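Asks: One letter stands for each residue in the lines below.
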Amino acid sequence: MRNPLSKQIVQIEPSGIRKFFDIVNEMEDAISLGVGEPDFDTPWHIREEGIFSLEKGRTFYTSNAGLKELKIEISRYLERRFHLSYDYNHEIMVTVGGSEAIDIAMRAMLDPGDEVLIPQPCYVSYVPCAALAGGKPVIIELKAENDFRLTAEEVLAAITPKTKLLVLPFPNNPTGSIMEKEDLEAVAKVVVDHDLFVISDEIYAELTFGDKTHVSIASLPGMWERTVTINGFSKAYAMTGWRLGYACAPKAILEQMLKIHQFAIMCAPTTSQYAAVEALRNGDNDVEKMREEYNGRRRYLLHRLREMGMECFEPYGAFYMFPCIKQYGMASEEFATKLLEAEKVAVVPGTAFGAGGEGFLRISYAYSLEDLKKALQRIENFLKTL
Amino acid sequence: MREKILTFIEKNSRIDIGELAIILGVDEASILNELAAMEREHVICGYHTLINWEKTGVEKVMAMIEVRVTPQRGMGFDKVAERIYNYPEVESVYLISGSFDFMVVLDGKTLREVSQFVSEKLSTLDSVLSTETNFILKKYKDHGTIMAEPPKDERMKIAP
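Protein chains in written order, with the numbering used here: chain P, 1 to 386; chain V, 387 to 546.
If you're looking for bench data, these hints aren't it; they were derived computationally from the structure.
What you are looking at is a predicted structure, and each value in this text was computed from that prediction instead of being measured.
Just so it is clear, CB atoms sit at the ideal spot from N, CA and C, and this is done for glycine as well.
Wrong hints could be hidden among the right ones.
Simulated pairs of lysine-lysine, DSSO-like, Cα-Cα distance not exceeding 27 angstroms [said to hold, decoys possible]:
#1 V:K397 with P:K373
#2 V:K543 with P:K384
#3 V:K446 with V:K527
#4 P:K338 with V:K543
#5 P:K344 with V:K538
#6 P:K289 with V:K390
#7 V:K397 with P:K374
#8 P:K289 with V:K527
#9 P:K289 with V:K543
To spell it out: a stretch of chain V is covered by chain P in this simulated footprint if at least three of its residues, at any positions, have a beta carbon under 8 angstroms from a beta carbon of chain P; those stretches are [claimed, not checked]:
#10 397–410
#11 533–543
Not everything, but these chain P residues come out facing chain V in the computed CB check (under 10 angstroms) [to be verified]:
#12 S15
#13 I23
#14 M27
#15 A30
#16 S32
#17 G36
#18 E37
#19 P38
#20 D39
#21 N173
#22 H303
#23 A352
#24 A366
#25 S368
From just these sequences and the hints, can you work out the full model?
Replies: Written out as structure tokens, the structure reads:
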């Protein structure tokens, strides 16, 4: 029999998080701080709207790009929150989570051999999606001393004549790092000078803390025309399981993305789209409440980690903390495994998000304060044994 | 800051003040000062415990009584309300817009105790015109808290 598999897909590494997942799942009584999704339920009025749409029998396909009402609401929302202006008719499409948007944006923009700059540590899908789209991922190692922000110099140093795309994953999973306006302006200049394009994954845009608010790179002069902005409902509205995101881009790019979406997906889930309309129309208070709650946990977690002697920069975005564990003389995976065995607390080794995550752990605070307290006590016990 | 403190302790009044200070990002002394001030000003009227009595062996009967009254000249409803709320078995009293005047929540030990209160004490007040007693059959949610067991965390334990 011939080999049924594609050489390209076989070469792609499975997600590094997988192995750890299998161990943790076996452990009944483990406390996990390893989850990358909100602990809140989707606000009831949003769920209710989904239920209502089912009762009304709205169980058909929507148009490929998504419900018109939803696209209009997305357009208003982006204007209102991030000063982004996208025409709902040709510049916005609704996708199956932000994940699909990442995939089809890469496929719509890359030719074989095009280089894609990917800052790491970062979410696990950019590298394989770039590779599957025929591109060549080029990693930029973000540095702890910059609080894992991306600098213009780093981008500059990675550019070659083949560079086409820059992935901008901020607020960042796993580090919690954000890019402020000045940071983005410096990067934008390099992008424009070298005629690059940007995929800006802004799924955590609503989760920035303190006086820091999220800035969309497409809102900077000269950037709108070279940016695909990706966002979604999972993190802001606690709607991960609804699988709903969106991509916004100039018509010429979006049209091509829409072709792939049309043939591979058809349309995003209809029930979720109706629920999302409600989220955008009446969900601001929910977002605010959850953000407040995350912010309190963020302060608490940071305080406790530093109190027990862990080195950690203050993250202003998403719901992760990325403490450094180099002082304990263990690799990330070893540390995480030992912590799990000794105290039954699961955190994710930084290496799951790229080699540059070595020496760090990702701790999620998408957990109730009580759970956090319990887990932190166990981590403290563990550190005392080292 | 008051609102932030109140919003938090309304749900959890037993939080350690040191922890609350970290969570709100302010210093402990200013929280203590605010708390003391709010207690003085009677903004904070008490720290109670939310109990699901159904899960204990203790028998409890609760009723919501709709009361229509004649307001007293010069005092409006307040004087009448006072005569009602001073009874210890009265859990709460609200002045209500609509077809009746007061909603009186009664917390008694037995059915007999509740009916005795209504027939002997409440109805016999001069200003009370009529009462309608509604017994509470089951409490689903109280003070913003759902009484049923909280659902388990059903998320996968590790996810990117």
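Asks: Take the hints in turn and mark each one as holding or not.
Replies: Against the structure, the hints come out as follows:
{"no.": "1", "hint": "V:K397 with P:K373", "result": "holds (17 angstroms)"}
{"no.": "2", "hint": "V:K543 with P:K384", "result": "holds (25 angstroms)"}
{"no.": "3", "hint": "V:K446 with V:K527", "result": "holds (16 angstroms)"}
{"no.": "4", "hint": "P:K338 with V:K543", "result": "holds (17 angstroms)"}
{"no.": "5", "hint": "P:K344 with V:K538", "result": "holds (18 angstroms)"}
{"no.": "6", "hint": "P:K289 with V:K390", "result": "holds (11 angstroms)"}
{"no.": "7", "hint": "V:K397 with P:K374", "result": "holds (19 angstroms)"}
{"no.": "8", "hint": "P:K289 with V:K527", "result": "holds (20 angstroms)"}
{"no.": "9", "hint": "P:K289 with V:K543", "result": "holds (24 angstroms)"}
{"no.": "10", "hint": "397–410", "result": "holds (count 4)"}
{"no.": "11", "hint": "533–543", "result": "holds (count 4)"}
{"no.": "12", "hint": "S15", "result": "holds (6 angstroms)"}
{"no.": "13", "hint": "I23", "result": "holds (9 angstroms)"}
{"no.": "14", "hint": "M27", "result": "holds (8 angstroms)"}
{"no.": "15", "hint": "A30", "result": "holds (7 angstroms)"}
{"no.": "16", "hint": "S32", "result": "holds (4 angstroms)"}
{"no.": "17", "hint": "G36", "result": "holds (5 angstroms)"}
{"no.": "18", "hint": "E37", "result": "holds (6 angstroms)"}
{"no.": "19", "hint": "P38", "result": "holds (9 angstroms)"}
{"no.": "20", "hint": "D39", "result": "holds (7 angstroms)"}
{"no.": "21", "hint": "N173", "result": "holds (8 angstroms)"}
{"no.": "22", "hint": "H303", "result": "holds (5 angstroms)"}
{"no.": "23", "hint": "A352", "result": "holds (7 angstroms)"}
{"no.": "24", "hint": "A366", "result": "holds (8 angstroms)"}
{"no.": "25", "hint": "S368", "result": "holds (9 angstroms)"}
Hint compliance for this structure: every hint is met.
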